[in-house]
Structure formats: structure tokens, C-alpha cells
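*Asks:* These protein sequences, in sequence, are chains A and B.
If you're matching positions, the first sequence starts at 1 in the UniProt record's numbering and goes up one per residue.
If you're matching positions, the second sequence starts at 1 in the UniProt record's numbering and goes up one per residue.
Fair warning: there could be bad hints in the mix.
Said to hold, decoys possible - Cβ-to-Cβ under 10 Å is the rule here; a few derived chain A residues that face chain B: (1) T84; (2) A88; (3) R183; (4) N217; (5) G241.
Unchecked claim - What follows is a set of in silico ranges between Cβ atoms, one per label pair, in the way DEER data are often shown: (6) B/D277 x A/V79: 26 to 34 Å; (7) A/L258 x B/R90: 43 to 51 Å; (8) B/R209 x A/L25: 53 to 61 Å; (9) B/R209 x A/A67: 31 to 39 Å; (10) A/T164 x B/V110: 50 to 58 Å; (11) B/A404 x A/P12: 51 to 59 Å; (12) A/V255 x B/R170: 31 to 39 Å; (13) B/G258 x A/V90: 31 to 39 Å; (14) B/D174 x A/A67: 27 to 35 Å; (15) A/R177 x B/V110: 51 to 59 Å.
The set of hints was computed from the structure by calculation and includes no laboratory data.
Quick reminder that beta carbons are idealized off the backbone N, C-alpha and C, glycines included.
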Amino acid sequence: MTTTSVRGPGAPRLLWLPAALAVGLLVMPVVALVVRASWATLPEDVSSQAARQALALSLGTSLAATACCLVLGVPLALVLARATGWAADVLRALVTLPLVLPPTVGGIALLYLLGRRGLVGRSLDAWFGVTIPFTTTAVVIAQVFVAMPFLVLGLEGALRTAGTRFETVAATLGAGRWTTLRRVTLPLAAPGLLAGTVLCFARALGEFGATALFAGNTPGVTQTMPLAIYAAFNGAGVTQGAAVALSLLLVVAAVAVLLVARAWRPGRMAGA
Amino acid sequence: MSDLDGTVIGRGQGRAVGRPGGGARGGPGGQPDDAARGALVADVHVRRGAFTLAAALAVEPGRVTAVLGPNGAGKSTLLALLAGTLGVERGHVRVGDRVLTRTMPGERDVHVPVDRRSVGLLGQDPLVFPHLDVLENVAFGPRAAGVRPAHARDEAAAWLEAVGLGDLARRRPDELSGGQRQRVALARALAARPDALLLDEPFAQLDVRTAAELRDVVREHVRAARVPTVLVTHDVVDVLALADHVVVLHDGDVVEQGDPVTVLTDPVHPFTAALADLNLLRVTPITPAGAGAPALLRSPSLALTVPADAFASWVEKASAGVTFSTHDAWQLTFSPGDVRICGVADGTGDRPGDGAADARADDVSARDGRAQLAWDAVVVDVERGPRGLRVRTTDDVLVDVAAASAVALDLRPGSPVRLRVAAPDVRVRAV
């Protein structure tokens, strides 16, 4: 049987040109990166000690930051999703602040908060002798700061979409709040939680500005991949070839992460 | 369900499961724990904005009380009060000796939260958990009560068997039909061993046959599990199939209640009459002027004549302890199918609802030996009806006619008509 495809009302043809330009603008830089890469020395570049150090630090800090975001962000999303009134609206706006703030501003703000003479950092230094800036901890904090909104907003949206009807049903079946959270609320919001987590991890992996200002650029301690790449182009640390190789690695990681987030839909895991 | 009689699923010998008086639990057909069961009794008052609900009901274990009422009558509010999602302003809700809600002067306030009330809910939308398979859905209640997962699943499997879904245990909810999902929701509600069950139009979204099957399943299990059940509905079929008692709510008040047959055949309230598909006319009787003269019954815009002897018999008749007197307002109820219609213009086309033609006779004379009420009215609108067309006339009196008769009589909005109904077909009560 032959099928004729029936075309729905598509977008006006005139829009195709700017759309194509948009795709070009988004994709061509990556293509240029691939073309520029010296494929022969790629394995060597990626496995150089400086590169491996940066890669390990990036993965380690991003995972730690994602874990922090889950521990703190899931409760926040649960509270926000069920909160009403102006206070909740203000809170929601504040949560999105790191999204619209330039990361460098975030870095400065973190420095003024947690620096040795900062609002809170002063007390940490005086009472506990703890100094946060320019440590690996600072890298994680900077990443949490910029990545948290992705998790919170993703999960909050999923929770709102799911609504409270299933939770009420669970309550009539005798389930207390914790049981309902564990067996109904979170599983129903799982797609949003996963998508939020993936985006959160990707954002942490790519974080540069806040890290540079708040954590610095010490190889092995605070020099994550984006910082290593930046340093390489300024003639320090890893070679430019390694920088390009690392960039490609980040691109591959980001694409993989986004594909995973897109492919996963509720019910698919069921394998009907 | 004789195959269920032997299905008793033991659960930790008499282990209390976090419910007062909770004893041994069992699957369907297991011995219900009567100590924990009792009548659902509620007497609630609540105000929400301009709306006030004041309702009282008592439902014995294994019985179904249907709550009828138009939209906005307070049915959902009543269910929310019983389920505990809404608090009362004054009054109480209890099952047996367990107080679920109480706000009474001089007594300690009680409001047991939803998850500890043990009041099951089955709504229009089955709300089967989409992330759990059928078996886990049904096992949810027992597991929430602390039953070990394996036992909970055994129990759930027995309940699924009981509602006829034994072979679908491992299906995902999105693979089921609407009727199957509603069965899962019923099994899930019953598996949680509720002390009371609330049904909120659970058949409204099902096709006629599926709804009928599910009504049977509900009736059987409500009886077997001895759960006091409140059914909220618009549908008279639900009432006839399930209800032991009917409460009619209107504007937040109980306007009538009783056993379904009485309420539906002799309705007091216009809403109930409409639901039972009956005309209800409030009239003021005017005694015949002289011997043999017809009596007159006046409604807001109608004047009905009735033969003197029929009128006299109504006046003499005593019903439900009330003696009719000509001082009362009367309420007439009669079926749209019993009204005969004839056009006034040509005065010849007397057409009864069943399509047979009558010779035109004196309005108040006995025809077929039966006295008749007769009155003039005007057609308001014409729509499709159960027996052809349904004609709405002055004061919302409905008349069923065959489509052919409607054409022959040229019935259209504004047409004057003469209506008749045999006196024995009219129920009369003083109000």
C-alpha cells in the first residue's frame, strides 16, 4: 500500500531562510572545531597529564555539584511547586536569578559572600579557619550556584504538571506524606527530574566565569576543562592542540547528555 | 463470586496495621473486621462564600446511600468533608465509634488527616498511578499500611481476580480500557480496606454496557466487604442499580430522602422530578362553585380543570398522614408520556402520547371511564424525546408525542395547545 504523506499546515516558507541561518550559527562553530582539530595527535593531546587532570577535575566537581543540587534543589522544587502567593512568586524569580546573571557577576558575588573578608567568609575564617575561595570546594560551589536553577525549574515544572490528584488518591489509600513522596510524587516527576539533572550536570561541566573569579585557575585544584582551554589559548598550561581536543570532548559530552535527556520519556522505560 | 469464598489471604495473624481496632486483614471474601466497621454518620455544616451546606446522613455497613443533586448543590463539598480534604465549620463525621471530624461547641476539635481516615474514594477519573503496573496499583494501599510487598501483591492479585482482571495484573495502566482502569481503581480502593467508601460519579465516563458491568461489581463488593458507601451521582440509573437510600441535595440542603423507589416515583422536589422524568406542577386548588361543576387548579400561569368527583376523592384521600385540604398548595406529578396533546386551532387532532387518536370529548368528562385534568397551554420548544419528540409547554410541563403527531398538529414554539392527563395518572400531595 502506498501512503501519501499529508502535510499539515507548516511554517511560512519565508521563515526557512532565517531558520537555516540560525542552524548554521549554532552548528558551524562546532564544525570549525572539528575541522581545526589535529586528529593525528588527538589521542596524545587528550591523554597528556594536564588534560587528564583537567578532565578528572571537571568530572569530579560536576558530579559533586550535581549531587549538591539534587540534595538541595529537590526539596526546593517540591516547596515551590506547592507554594502559592506572592512570596512564592518572589522566590521563584530569585531561583532563576543565576540564569540571567552573567556568571562572572556570580563569581564576584560568591567572593563577596564567602571570600576571606566576605559576609560569611569572614566568620568562617575567624571561627573555623576555613577558607573557601581558590579551592576545589569553591569550584563546586560556583557550579552549584549556576547549575541549580536548571534542576529546580525542570523538576518544579514536572511537579506542577503532575498536579496533586494522584497524591490525594495515595492519601485516601492510607499513604503518609513520605510514602506519597517516595512512591507517587517523585516517580511521577521522574522525567522532569532526570532532564533537570542532566541539564544541571551539563551546565556544571561547562561552567567558566564564576569559577574563574571565585576559584581561580590552579592546575589540578581549580583548573577545570573550560579553564584549561582558556588558559591554553592564552599560551599557558596545555597546548592549543590539547585545548581543541578538550573542547571536542566537551562537545561530545554535551551532545550525549542532551540526547539522553531527549530520548528518555515516561513509559519508554517500561518497554511495552 | 463463589470462587472467591475460599480466598482468604492471611496476613500476620491478627497483626494490627496502624488502624484503631485493626484486626486480621484478608483479601476479598475474607472475614470483614466488624469491630472496626460501623455506620458512616455525618452531620455537617460548612459555609463557602455565599454557599452553605447543611447535610446529615447515616449509612449502614454494606449499604449505599446515593446523593443526588444538580451541579452546585453541594455534592462535591459533602464528599470533601467526608474524605477530610475539607474541614467542617460545625458538626461531625464518624464511622462506628471512630470520630473522623468533629467541631462542636464544648468538645475537643478532631480532624483526622486524609491518610489516616481510612475512607476510600473512587472518582469519575480512575487516576490509576501511571508509573505502576496494575498489580502494584492495587497493592499500594496494603503496602502503605505496612504489609510486606510480597503479601501485599498476593492480596492485590486476589482483588484483581475479584473484579475480573486477574489476567491483567502485569499490564501498564495505559494499556487498559476506561472500564478496566475503573475496575483497577475499585480494586485498589477496596484493597486498602476502607472503613467507608465514597463514589463520585464513577460510571459517568463509561459506555452504557461497561457502566452496567461495573455497577454489578461495585454492588457485590460493597455488600461483601460491608463498607458503608456514599455514591454521588446525576444518573438515575446509578440510583436504581445501587442505592439503598437516596438523599437529594439542593442549594446545600437535603430537600428529600428515602428509599429510591419512593423518592423517584413520588418526588417532592422539582429536581428529583426532573431526574425521575416526571412533570411536577405546584397548584392552588379552588373548590368547585356548585355541585357537579369542575374544580379549578391554578399554577403560576395555568388553570387546570378537574372533574368534581376526582377532586373530591383527592381531598378525601389521606397520604403519608397528611390530609389534603383545599387550603394547601398541592403538588401534581405525572409522566410526560401520560399527557395527551391536541391543537386548539382546529380542535380535532387530539393525540395521545402513544400516537392513538381520540375523538375530541368534553374536557372534564370521563373518557374510558377515567376523569381527566385539562388545560390550555402554549408550546415553548420542541426537542427529541424518548418516544419521538418532547414538547415543553407553559410552566415547563413536558409532553411526549410521536414525531408524526407533532407534524400533524403543527407543534412549534408559540402554538396554543390543549393538554389532558387522566386523573389516576396524576400523583397529588399537599405541600
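*Asks:* All hints are to be evaluated individually against the structure, with a verdict given for each.
*Replies:* Do the hints match the structure? See the list:
1. T84: Result: violated, 16 Å to nearest chain B Cβ.
2. A88: violated (21 Å)
3. R183: A/R183 check passes; min Cβ-Cβ to chain B is 7 Å, inside 10 Å.
4. N217: violated (45 Å)
5. G241: violated (48 Å)
6. B/D277 x A/V79: 26 to 34 Å: violated (52 Å)
7. A/L258 x B/R90: 43 to 51 Å: The hint (43 to 51 Å, Cβ to Cβ) is violated, given that A/L258 and B/R90 are roughly 58 Å apart.
8. B/R209 x A/L25: 53 to 61 Å: holds (59 Å)
9. B/R209 x A/A67: 31 to 39 Å: The hint (31 to 39 Å, Cβ to Cβ) is violated, given that B/R209 and A/A67 are roughly 54 Å apart.
10. A/T164 x B/V110: 50 to 58 Å: violated (24 Å)
11. B/A404 x A/P12: 51 to 59 Å: holds (56 Å)
12. A/V255 x B/R170: 31 to 39 Å: holds (36 Å)
13. B/G258 x A/V90: 31 to 39 Å: violated (55 Å)
14. B/D174 x A/A67: 27 to 35 Å: holds (33 Å)
15. A/R177 x B/V110: 51 to 59 Å: violated (20 Å)
Checked against the numbered hints above, the structure violates hints 1, 2, 4, 5, 6, 7, 9, 10, 13 and 15; every other hint is satisfied.
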